[in-house]
Amino acid sequence: MAQAAIELIGINKSFGAVRANRDINLEVERGTIHGIVGENGAGKSTLMSILYGFYQADSGEIRVGGKPVSIHTSNDAIALGIGMVHQHFMLVDNFTVLENVILGAESDALLKSSITKARSELDRLEREYGLEVDPDAVIEELPVGLQQRVEILKALYRGAEILILDEPTGVLTPAEADHLFRILKQLKDQGKTIVLITHKLREIMAITDTVSVMRQGTMVATRTTKETTVGELAELMVGRRVLLRVEKGQSEAGAVKLSVKNLTVKDQRGVTMVDDVSFDVRGGEIVGIAGVAGNGQSELLEAISGIRHAVSGEVMLDGKPIDLTGKADPGELRDRGLAHVPEDRHHVGLVLAFEENENSILGYHDDERYLKGPFLDVDAIMADAKDKIEKYDIRPTNPRLKTANFSGGNQQKIVLAREMEQDPGVLIVGQPTRGVDVGAIEFIHKRLIAMRDQGKAVLVVSVELDEIRSLSDRILVMFAGRVVGERGPDATEGELGLLMAGVEHQEAAE
Amino acid sequence: MFNAIVQVLDSTIRLSVPLLLACLAGLYSERAGIFDIGLEGKMLVGAFAGASAAAVFHSALIGLGTAILISVAFALVHGFASITHRGNQIVSGVAINFIAAGSTIILGQAWFSQGGRTPALQPGERFAAITWPGADAIRDVPIIGPIYAELISGHSILVYFAFAMVPFTWWVLFRTRFGLRMRAVGENPAAVDTAGISVAWLRYRALICTGILTGVAGAYLSMAQNGGFVKDMTAGKGYIALAALIFAKWKPVNAMFACLLFGFLDAASIRLQGSPLPLVGKVPAQFMQALPYVLTVILLAGFIGKAIPPRAGGVPYVKER
Ligand SMILES: Nc1ncnc2c1ncn2[C@@H]1O[C@H](COP(=O)(O)OP(=O)(O)OP(=O)(O)O)[C@@H](O)[C@H]1O
Ligand SMILES: [Mg+2]
Numbered sequence: 001m002a003q004a005a006i007e008l009i010g011i012n013k014s015f016g017a018v019r020a021n022r023d024i025n026l027e028v029e030r031g032t033i034h035g036i037v038g039e040n041g042a043g044k045s046t047l048m049s050i051l052y053g054f055y056q057a058d059s060g061e062i063r064v065g066g067k068p069v070s071i072h073t074s075n076d077a078i079a080l081g082i083g084m085v086h087q088h089f090m091l092v093d094n095f096t097v098l099e100n101v102i103l104g105a106e107s108d109a110l111l112k113s114s115i116t117k118a119r120s121e122l123d124r125l126e127r128e129y130g131l132e133v134d135p136d137a138v139i140e141e142l143p144v145g146l147q148q149r150v151e152i153l154k155a156l157y158r159g160a161e162i163l164i165l166d167e168p169t170g171v172l173t174p175a176e177a178d179h180l181f182r183i184l185k186q187l188k189d190q191g192k193t194i195v196l197i198t199h200k201l202r203e204i205m206a207i208t209d210t211v212s213v214m215r216q217g218t219m220v221a222t223r224t225t226k227e228t229t230v231g232e233l234a235e236l237m238v239g240r241r242v243l244l245r246v247e248k249g250q251s252e253a254g255a256v257k258l259s260v261k262n263l264t265v266k267d268q269r270g271v272t273m274v275d276d277v278s279f280d281v282r283g284g285e286i287v288g289i290a291g292v293a294g295n296g297q298s299e300l301l302e303a304i305s306g307i308r309h310a311v312s313g314e315v316m317l318d319g320k321p322i323d324l325t326g327k328a329d330p331g332e333l334r335d336r337g338l339a340h341v342p343e344d345r346h347h348v349g350l351v352l353a354f355e356e357n358e359n360s361i362l363g364y365h366d367d368e369r370y371l372k373g374p375f376l377d378v379d380a381i382m383a384d385a386k387d388k389i390e391k392y393d394i395r396p397t398n399p400r401l402k403t404a405n406f407s408g409g410n411q412q413k414i415v416l417a418r419e420m421e422q423d424p425g426v427l428i429v430g431q432p433t434r435g436v437d438v439g440a441i442e443f444i445h446k447r448l449i450a451m452r453d454q455g456k457a458v459l460v461v462s463v464e465l466d467e468i469r470s471l472s473d474r475i476l477v478m479f480a481g482r483v484v485g486e487r488g489p490d491a492t493e494g495e496l497g498l499l500m501a502g503v504e505h506q507e508a509a510e
Numbered sequence: 001m002f003n004a005i006v007q008v009l010d011s012t013i014r015l016s017v018p019l020l021l022a023c024l025a026g027l028y029s030e031r032a033g034i035f036d037i038g039l040e041g042k043m044l045v046g047a048f049a050g051a052s053a054a055a056v057f058h059s060a061l062i063g064l065g066t067a068i069l070i071s072v073a074f075a076l077v078h079g080f081a082s083i084t085h086r087g088n089q090i091v092s093g094v095a096i097n098f099i100a101a102g103s104t105i106i107l108g109q110a111w112f113s114q115g116g117r118t119p120a121l122q123p124g125e126r127f128a129a130i131t132w133p134g135a136d137a138i139r140d141v142p143i144i145g146p147i148y149a150e151l152i153s154g155h156s157i158l159v160y161f162a163f164a165m166v167p168f169t170w171w172v173l174f175r176t177r178f179g180l181r182m183r184a185v186g187e188n189p190a191a192v193d194t195a196g197i198s199v200a201w202l203r204y205r206a207l208i209c210t211g212i213l214t215g216v217a218g219a220y221l222s223m224a225q226n227g228g229f230v231k232d233m234t235a236g237k238g239y240i241a242l243a244a245l246i247f248a249k250w251k252p253v254n255a256m257f258a259c260l261l262f263g264f265l266d267a268a269s270i271r272l273q274g275s276p277l278p279l280v281g282k283v284p285a286q287f288m289q290a291l292p293y294v295l296t297v298i299l300l301a302g303f304i305g306k307a308i309p310p311r312a313g314g315v316p317y318v319k320e321r
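Chains as they are written, first to last, in the numbering used here: chain A, 1 to 510; chain B, 1 to 321.
Hint data in this document are derived by calculation from the structure and do not stem from the laboratory.
Any given hint could be a false lead.
With a cut-off of at most 20 Å between alpha-carbon atoms, the simulated DMTMM-like pairs for lysine to aspartate or glutamate come out as follows [to be verified]:
#	chain 1	residue 1	chain 2	residue 2
1	A	402	A	358
2	B	249	A	93
3	B	306	A	141
4	A	372	A	358
5	A	386	A	367
6	A	188	A	27
7	A	188	A	209
8	A	402	A	344
9	A	200	A	166
10	A	188	A	178
11	A	266	A	276
12	A	327	A	267
13	B	319	A	355
14	A	67	A	161
15	A	185	A	161
16	A	261	A	323
17	A	112	A	128
18	A	446	A	387
19	B	306	A	93
20	B	319	A	166
21	A	226	A	29
22	A	402	B	320
23	A	446	A	421
24	B	319	A	76
25	B	319	A	58
26	A	248	A	466
27	A	402	A	355
28	B	251	A	93
29	B	249	A	140
30	A	188	A	276
31	B	306	A	140
32	A	67	A	29
33	A	391	A	358
Let the sequences and hints guide you as you build the complete structure.
Structure follows, in structure tokens:
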């Protein structure tokens, strides 16, 4: 057997009362790609952050290349040849690519020589791995895919031999993800060791050599990828059998609840993002909007939910128009029975500094149920929050916990619980399961289908084709701001993929 | 008329120096992500310590050194509260201001018994004006004469130091490793941490720079502009410096112009006291004194471009919640 690049032995780590890692053992062979999967909050990021010296383990031993090491800061980890691309990027947004790359790896007290050196080194790395990015671009002006490249470049620039990637594909388009995997394979061929955390079991099967499964802070299994299946991994993760595709009956579409006509939306720069889009959503059906990220789905959702100004067109909710100036009162739309689960839960869906119970009524806090005269009825809010926590299996189960302390998947459940429990007539959901583990995906899908069966109109936007296919009664495909096709739930992946790539669209145009 | 203008400009320079030093001081800490409302207090203890030490040891340099030392010590207290113990930076800053205001009076009275003043400084104990070569010779040449003799020559060494700190600070911020890291830690400390740099040590170093500069600012007030310490002699300059810092959008060269502008308003208000202006008539001195704040509010309201503070400013760096 080849030598282990990393060995973690008996790692324990608690955050206050939360035991994020318990007695974890992990061995990663040199020159392999090792996957780590697990539910939201299982402790994957924590474990890797310990290896990277960002957190300190409470107890346990780390060996790198067979030798016991003590890693107190990220500096120690970097010196041992460990690099990490964090789940939430660690970049200085208003710095250039070059500045971000040299930060902490400057060659001397003045910047000049570091910059010259980094420029030529970046040039080499870019050519070697196809990691093109303009060294003088400012980070906040780059799309996330390129920001991630900068993170990888940062690690390689520091001479990383062991590269940890924490959910790298969560923010990538499929093409970007493919490119990333080609780079990872190339790195592996050069003898580098890669640890990949992801929720997408398909990616695990496609690229890893071995895979470890974590559940509630413990390491439950390690498998050779070739000898396992997606089903087995899902079951190991959640501790029970998981339906990767939720069963649903025939839809019974009723009256039109949401109607979009000739909607056109431009972004801040005046570029047309949604181009003359029309469709209806009826009660009792789920309409899915598929498309590669950035083809206007986000803008469409925002316009329909009254947050973004639309240039022209109209949106009718139960036969009455919605204010499309971008100044619609969200409270009024809620009263009219429109609930919205935004794509970006951190910035739009939640106030991370609030307690869970506060977020679970946010936006509905004027509702009589939560009021006692002019004051909030704290008891009623707590009872309501506990109820939702139980119903939606939100973990940890403490409604007084700050929302920032919940893992991503559980934060998503908080938003979903809030919006679904209001019993809206129309529900629009952006990326229902982004960054969410398979167990929670199954749960969320079941809830969405239950809403449909109660006769609600549900509009789902997702970049996950599997999700769209398993949920939708009708699938609309968006490309370059237009709806380029409508298909039934039995459309094949290839067919949708071509539409999403705009292939048929272009042929039709010719 | 021309002479009057030169005189106003001359006092503009003298009045803007303490603002400029305090403003640059604030720039170091705020760029590193630590709000420092305690500039006022640090300047005040600097002024007091400087004047006291100079009076006791009969040396301007010992005075300056002491001013810096004490001011840095206060900066470190702010650091201990807000970096090490992740306290609220505004509260810590306000506390420093209170301690400074009270302790300077109490200690001054206890040591010198002159109603909170320190003994008047003798010539060798304070920073004298430096006359540049040839200044007296060309004083009477029209235009250039007064400009050279009044504006350029005839200030204490601390004035030149303050203006030299402007390009120096720019150079530190944008051309050195320390500057790069400092700017980064004010924007995203987690990025600095994961790059293998200690966030706390970096922020402490920035605060030491702050302390040095507020110390010099204090020494300037009590040992150059005046010949001794008077209670509350900073008179809100620390706050105006903060306003100037926002006005300057946290950039060194802008900071110089903002401080010159605010210093000019101050000089003009003194000059105009009682005398009516053409067209507008008499301008109340309070109006001129309020202008720096009014201008800053207008800026913050978004009328003159946008002032975006360092993103991590005011937030203690907490890894494990
Ligand atoms: N900095 C922190 N302070 C306090 N608690 C934390 C912190 N980071 C993580 N936790 C908690 O530790 C547990 C493990 O979190 P971790 O981020 O490691 O999960 P994960 O497996 O990466 O989940 P996800 O798939 O959602 O990213 C969670 O319960 C989380 O709330
Ligand atoms: Mg994670």
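Right, here's what the structure says about each hint:
A hinted pair counts as satisfied when its Cα atoms are at most 20 Å apart, and residue 402(A) with residue 358(A) qualifies at roughly 9 Å. A distance of roughly 17 Å separates the Cα atoms of residue 249(B) and residue 93(A); the hinted pair therefore holds under the 20 Å criterion. At most 20 Å may separate the alpha-carbon atoms for a hinted pair to count; residue 306(B) and residue 141(A) meet this at roughly 18 Å. Restraint check for residue 372(A) and residue 358(A): the C-alpha separation of about 16 Å stays at or below 20 Å, so the hint holds.
Distance restraint check for residue 386(A) and residue 367(A): the Cα-Cα separation of roughly 18 Å lies within the 20 Å cut-off, and the hinted pair is therefore satisfied. A hinted pair counts as satisfied when its Cα atoms are at most 20 Å apart, and residue 188(A) with residue 27(A) qualifies at roughly 17 Å. Only pairs whose Cα atoms come within 20 Å are accepted, and residue 188(A) paired with residue 209(A) is accepted, the gap being roughly 11 Å. A threshold of 20 Å between alpha carbons decides the hint, and for residue 402(A) with residue 344(A) the separation of about 18 Å falls inside it, so the pair holds.
Annotation: proposed proximity of residue 200(A) to residue 166(A) holds, straight-line Cα distance about 12 Å (limit 20 Å). Note on residue 188(A) and residue 178(A): the hinted pairing holds, with a Cα-Cα distance of about 15 Å set against a maximum of 20 Å. Of the pairs offered as hints, the one joining residue 266(A) and residue 276(A) holds, with about 11 Å between alpha carbons and a cut-off of 20 Å not exceeded. Restraint check for residue 327(A) and residue 267(A): the C-alpha separation of about 15 Å stays at or below 20 Å, so the hint holds.
For the suggested pair residue 319(B) and residue 355(A), the alpha carbons sit about 19 Å apart, so the restraint of at most 20 Å is met. A hinted pair counts as satisfied when its Cα atoms are at most 20 Å apart, and residue 67(A) with residue 161(A) qualifies at roughly 15 Å. Distance hint between residue 185(A) and residue 161(A) is fulfilled; the C-alpha atoms sit about 14 Å from each other, no more than 20 Å. With a C-alpha separation of about 14 Å, the suggested pair residue 261(A) and residue 323(A) falls inside the 20 Å cut-off, and the hint holds.
Taken as a hint, the residue 112(A) and residue 128(A) pair is broken in the structure, with Cα atoms around 25 Å apart against an allowance of 20 Å. The straight-line distance between the Cα atoms of residue 446(A) and residue 387(A) is roughly 18 Å, inside the 20 Å bound, and the hint therefore holds. The hinted pair formed by residue 306(B) and residue 93(A) meets the criterion: a straight-line CA distance of about 17 Å does not exceed 20 Å. Restraint check: the Cα-Cα separation between residue 319(B) and residue 166(A) comes to about 17 Å, which is no more than 20 Å; the hinted pair holds.
This hinted pair checks out: residue 226(A) and residue 29(A) have alpha carbons roughly 16 Å apart, not beyond 20 Å. For the hint pairing residue 402(A) with residue 320(B), the CA-to-CA distance comes to about 13 Å; that is within 20 Å, so the pair holds. Simply put, residue 446(A) and residue 421(A) have alpha-carbon atoms about 14 Å apart, close enough for the 20 Å limit, and the pair holds. Restraint check: the Cα-Cα separation between residue 319(B) and residue 76(A) comes to about 18 Å, which is no more than 20 Å; the hinted pair holds.
As the CA atoms of residue 319(B) and residue 58(A) are separated by approximately 15 Å, the hinted pair is consistent with the 20 Å bound. As the CA atoms of residue 248(A) and residue 466(A) are separated by approximately 15 Å, the hinted pair is consistent with the 20 Å bound. As the CA atoms of residue 402(A) and residue 355(A) are separated by approximately 4 Å, the hinted pair is consistent with the 20 Å bound. For the hint linking residue 251(B) to residue 93(A), the alpha-carbon distance of about 18 Å falls within 20 Å, and the restraint holds.
Of the supplied pair hints, the one linking residue 249(B) and residue 140(A) holds, its CA atoms being roughly 19 Å apart against a limit of 20 Å. Restraint check for residue 188(A) and residue 276(A): not satisfied, since their Cα atoms lie roughly 46 Å apart, outside the 20 Å limit. Under the criterion of a C-alpha separation no larger than 20 Å, the hint pairing residue 306(B) with residue 140(A) is consistent with the structure, at around 17 Å. At most 20 Å may separate the alpha-carbon atoms for a hinted pair to count; residue 67(A) and residue 29(A) meet this at roughly 14 Å.
With a C-alpha separation of about 17 Å, the suggested pair residue 391(A) and residue 358(A) falls inside the 20 Å cut-off, and the hint holds.
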